[in-house]
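Just so you know, the sequences run in chain order A and B. Taking the working numbering, the leading residue of the first sequence gets 1, the next gets one more, and so forth. Taking the working numbering, the leading residue of the second sequence gets 1001, the next gets one more, and so forth.
Everything labelled a hint here was simulated from the structure, so no lab data went into it. Ideal placement from N, C-alpha and C gives every residue a C-beta, glycine not left out. Do not take every clue at face value.
What the hints assert, rightly or not - Negatives, chain A to chain B, calculated, CB over 10 Å: (1) D25; (2) D31; (3) G60; (4) T129; (5) T161.
What the hints assert, rightly or not - Derived list of chain B stretches under chain A, where covered just means 3 residues or more per stretch with a C-beta under 8 Å from a C-beta of chain A: (6) 1017-1026; (7) 1038-1050.
Unchecked claim - One-sided and incomplete, this derived list gives chain A residues near chain B with beta-carbon spacing under 8 Å: (8) L87; (9) G89; (10) N149; (11) A150.
Residues per chain are reported as follows:
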Amino acid sequence: MTAVVWDTTIASRLRPGSVLLDRLDLLSSRDEPVRVAAVSLLEISYGLRKAADAGRADFGRLHDWFRAFASSGRFSVVAMGAEAALLAGEVRAMPPVPPVGGARRTRSKAEARVVWSHDISIACTAWGTGCDIATVDVAHFAEIVRSINALVGQAPPLGVTGAPEDGAAGPA
Amino acid sequence: MLAQLVVRGLDAVERERAVERTARARADAYRERSVDNDDLGALPPLEEAID
């Protein structure tokens, strides 16, 4: 089975006592470490800090937990190398622009563009580290994956799979 | 029990090798798209394209 990088929509569901956390530890115990892109840590830290600063103390506590968890070595943090970063820039320059609608329609246009750029970085991180991408939002990433595979047609193609609840994001 | 652990360990090593092979093949394919850097002609300042 192809290794996957969990995108932000999956990694952001991690919290103490969650089924997803149990799954992460189970995979780790089987020497199948979960991989999360560094850019996803950025997005999660941003979201939690922003909510905490807006007065949500519970998100502040979750941020504290997540920061310690991210440094615990219970999952692998992966980042882009030169080729993946260069490819991400090319994909960013291509249409389509961020799709309208879907689960992320509550965001402003400016925020949607930032998230789109981050999603490109996450997809290229998966590409560059020899993995596929696992996400809750398969349709959203499918556009990016199509662009990547079109640009580097000779390379082993990047795939996109659903969330752990759908039986993906790592072997059962 | 020990045999199972050994098999599991070998499987993990093989999985990681497969991931590394895929990563290398992708990076190689990307680099193969690059042109020869000889005779590129006059080039514009890079910063003109960066906003």
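Now for the hints, and whether the structure bears them out:
1. D25: About 16 Å separates D25 of chain A from the closest Cβ of chain B, which puts it past 10 Å; holds.
2. D31: With a cut-off of 10 Å, D31 of chain A comes too close to chain B, as the shortest Cβ separation is near 3 Å.
3. G60: 35 Å, holds
4. T129: 6 Å, violated
5. T161: Non-interface label on T161 of chain A holds, nearest chain B Cβ at 15 Å vs cutoff 10 Å.
6. 1017-1026: Our answer is that it holds, as 9 residues pass the Cβ test (under 8 Å) against chain A, meeting three.
7. 1038-1050: This one is violated; 0 residues, fewer than the three required, reach chain A with a Cβ under 8 Å.
8. L87: 6 Å, holds
9. G89: Constraint on G89 of chain A not satisfied, violated at 10 Å.
10. N149: 10 Å, violated
11. A150: 12 Å, violated
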